[in-house]
Amino acid sequence: MELSGTAPVTIGLDLMPKLGIAITGLVATWQQQQPKEQEVHPSDIPQPNDSPEGSDIQRHIFFNKVQPTIDRNAKIPTRSLCNVKESIIKLETKDADAVINRRQYPIPIASQQRVKEQVETWLRDGVVERVTKPTSWNSPITLAPKKDLFGNYTDKRPCLDPRHINRLLVEPDRHPLPLINDIYAELRGSKVFTTLDLKSAFHRFEIYEPDRPKTAFKVDGFPQLMFRGCPFGLKPISSTFQRTMDIVFAEMPFVKTFVDDIIIFSKNIEEHADHVAAAINKLTSVNLILNPQKCHFAQKAVYLLGFCISEHKKSLDTRKVTNVQDWPTPRTGKDIQRFLGVINYFREHIPKAADLMAPLDKLRNAHRLGRLWTPRAEQAFNNLKQILLEAPVLCHPDLNHPFQVATDASNTGIGAVLYQVINGKTHHIGFMARSLSRSERNYSTTKRELLAIVFALNKFHKYLWENRQSYDDRMAGNHS
Numbered sequence: 001m002e003l004s005g006t007a008p009v010t011i012g013l014d015l016m017p018k019l020g021i022a023i024t025g026l027v028a029t030w031q032q033q034q035p036k037e038q039e040v041h042p043s044d045i046p047q048p049n050d051s052p053e054g055s056d057i058q059r060h061i062f063f064n065k066v067q068p069t070i071d072r073n074a075k076i077p078t079r080s081l082c083n084v085k086e087s088i089i090k091l092e093t094k095d096a097d098a099v100i101n102r103r104q105y106p107i108p109i110a111s112q113q114r115v116k117e118q119v120e121t122w123l124r125d126g127v128v129e130r131v132t133k134p135t136s137w138n139s140p141i142t143l144a145p146k147k148d149l150f151g152n153y154t155d156k157r158p159c160l161d162p163r164h165i166n167r168l169l170v171e172p173d174r175h176p177l178p179l180i181n182d183i184y185a186e187l188r189g190s191k192v193f194t195t196l197d198l199k200s201a202f203h204r205f206e207i208y209e210p211d212r213p214k215t216a217f218k219v220d221g222f223p224q225l226m227f228r229g230c231p232f233g234l235k236p237i238s239s240t241f242q243r244t245m246d247i248v249f250a251e252m253p254f255v256k257t258f259v260d261d262i263i264i265f266s267k268n269i270e271e272h273a274d275h276v277a278a279a280i281n282k283l284t285s286v287n288l289i290l291n292p293q294k295c296h297f298a299q300k301a302v303y304l305l306g307f308c309i310s311e312h313k314k315s316l317d318t319r320k321v322t323n324v325q326d327w328p329t330p331r332t333g334k335d336i337q338r339f340l341g342v343i344n345y346f347r348e349h350i351p352k353a354a355d356l357m358a359p360l361d362k363l364r365n366a367h368r369l370g371r372l373w374t375p376r377a378e379q380a381f382n383n384l385k386q387i388l389l390e391a392p393v394l395c396h397p398d399l400n401h402p403f404q405v406a407t408d409a410s411n412t413g414i415g416a417v418l419y420q421v422i423n424g425k426t427h428h429i430g431f432m433a434r435s436l437s438r439s440e441r442n443y444s445t446t447k448r449e450l451l452a453i454v455f456a457l458n459k460f461h462k463y464l465w466e467n468r469q470s471y472d473d474r475m476a477g478n479h480s
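Residues 1 to 480, numbered by the UniProt record's numbering, are exactly what the sequence shown covers, in order.
It is worth saying that the hints were derived from the structure and are not from the lab.
One should not assume that every hint holds.
What the hints assert, rightly or not - Listed below are the simulated PhoX-like cross-link pairs for lysine-lysine, each with C-alpha atoms no more than 20 Å apart in a straight line:
#1 Lys352 / Lys447
#2 Lys256 / Lys294
#3 Lys459 / Lys447
#4 Lys75 / Lys282
#5 Lys300 / Lys267
#6 Lys199 / Lys156
#7 Lys352 / Lys362
#8 Lys94 / Lys235
#9 Lys362 / Lys385
#10 Lys191 / Lys300
#11 Lys146 / Lys156
#12 Lys282 / Lys85
#13 Lys334 / Lys65
#14 Lys282 / Lys294
#15 Lys116 / Lys156
Taking the hints into account, I'd like the entire structure generated from these sequences.
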């Protein structure tokens, strides 16, 4: 069939994909004007851990109620252990006859005094005790490097090297850790916060007595010792700790924990005094000791799990990202993985994260970068570092207003933003993004946009379910 060059042709939407035709660049006209974006900067948020809630009189009343509970907690004997039966750490091995016996690593002369002082502290506080019966077990003490968020060494800490023990253990209890975003969602509507820090938290968890010889170690100047309280690095500790915290605070909905991070939240300082006193009394009853110097009481804003939390907002913890510009240029795939791990943790605050990460993501498995480190990769690396410093402030969701979602898709990734329009201002709740697979990159523009919508509905499901007011910033959704 031949058609003249002026003959109009109508092609149905069902036929277009089969012909490889996609519609792009259409201008959308909306019945309502796009609401003004909310201009929010981290400087608008109260300074975390340094923004006391309430008047001087209110805070005086607060501490009159809370201080006695702190004082009682301080009287817990340092040698005591958590008395919750579920907190006991058992070290069951796959092979009952298996034994680990490894000699002590050579300790640098410059570090020997520090190791000696640490072992003396463990003995004084009852964290370790003398081995009373001969045992074939022995593990070395090591100096574990402490790193900051960007992988820079900041200190070394003497601790047991438990790696060989962990390999022999039966698969540990995998009590689920809470989702961090679920914790933040619980904070909405609260105006005053307290974060509690526990002193030597893991060491307060008792090693099951018959299993203590499995933690034996021997350093110069001391007899062979073994741990009463759990050393750092043993597989079961995180799950056991979370299970115990869930039991301890089961009847306190105003307390949330992520392993040993504890936050208490309230709507006003008066009820907050009751909440904090109740939480500390509960910790005292189970022999968990506070470190008051690292606790922050009755604040308008606090640091929590890498973020700054206040009544309405959530932003990146500036302490974690201040030195991001000093992050050295990656030289290996592992360097890339470490950097992208940080970006992934904060990606909810980074619009179009997948597109920004794409040039680096394909380098994560390279052994040596060398010539693979192109100007495009360098630009992506620098852009991501800068974005971390300028990441948007997110708002807590307001369940009294409808949620809306906008989506977008590119040749390399898809993304979405959840937001609410309140009093004519846009409040961003969160950003989500991911890279496209090789096959997905062959999708037409329309299909990629539809994929982005499905991705958004899945990621923001708990907010959008039964909420019919949604929005996408392309036309694909109109043809679904």
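Taking the hints in turn, this is what the structure says about them:
1. Lys352 / Lys447: Given that 20 Å is the threshold and the Cα spacing comes to 18 Å, the pair holds.
2. Lys256 / Lys294: Distance ~17 Å between Lys256 and Lys294 Cα, so the pair holds.
3. Lys459 / Lys447: holds (18 Å)
4. Lys75 / Lys282: holds (14 Å)
5. Lys300 / Lys267: Since the Cα atoms of Lys300 and Lys267 sit roughly 11 Å apart, the hinted pair holds (cutoff 20 Å).
6. Lys199 / Lys156: Since the Cα atoms of Lys199 and Lys156 sit roughly 19 Å apart, the hinted pair holds (cutoff 20 Å).
7. Lys352 / Lys362: Since the Cα atoms of Lys352 and Lys362 sit roughly 17 Å apart, the hinted pair holds (cutoff 20 Å).
8. Lys94 / Lys235: Cα-Cα ~14 Å, so holds.
9. Lys362 / Lys385: holds (18 Å)
10. Lys191 / Lys300: Holds, because 6 Å separates the two Cα atoms, which is no more than 20 Å.
11. Lys146 / Lys156: It holds: about 6 Å lies between the C-alpha atoms, which stays within 20 Å.
12. Lys282 / Lys85: holds (15 Å)
13. Lys334 / Lys65: Violated, at about 51 Å.
14. Lys282 / Lys294: holds (19 Å)
15. Lys116 / Lys156: Within the cut-off at roughly 14 Å; holds.
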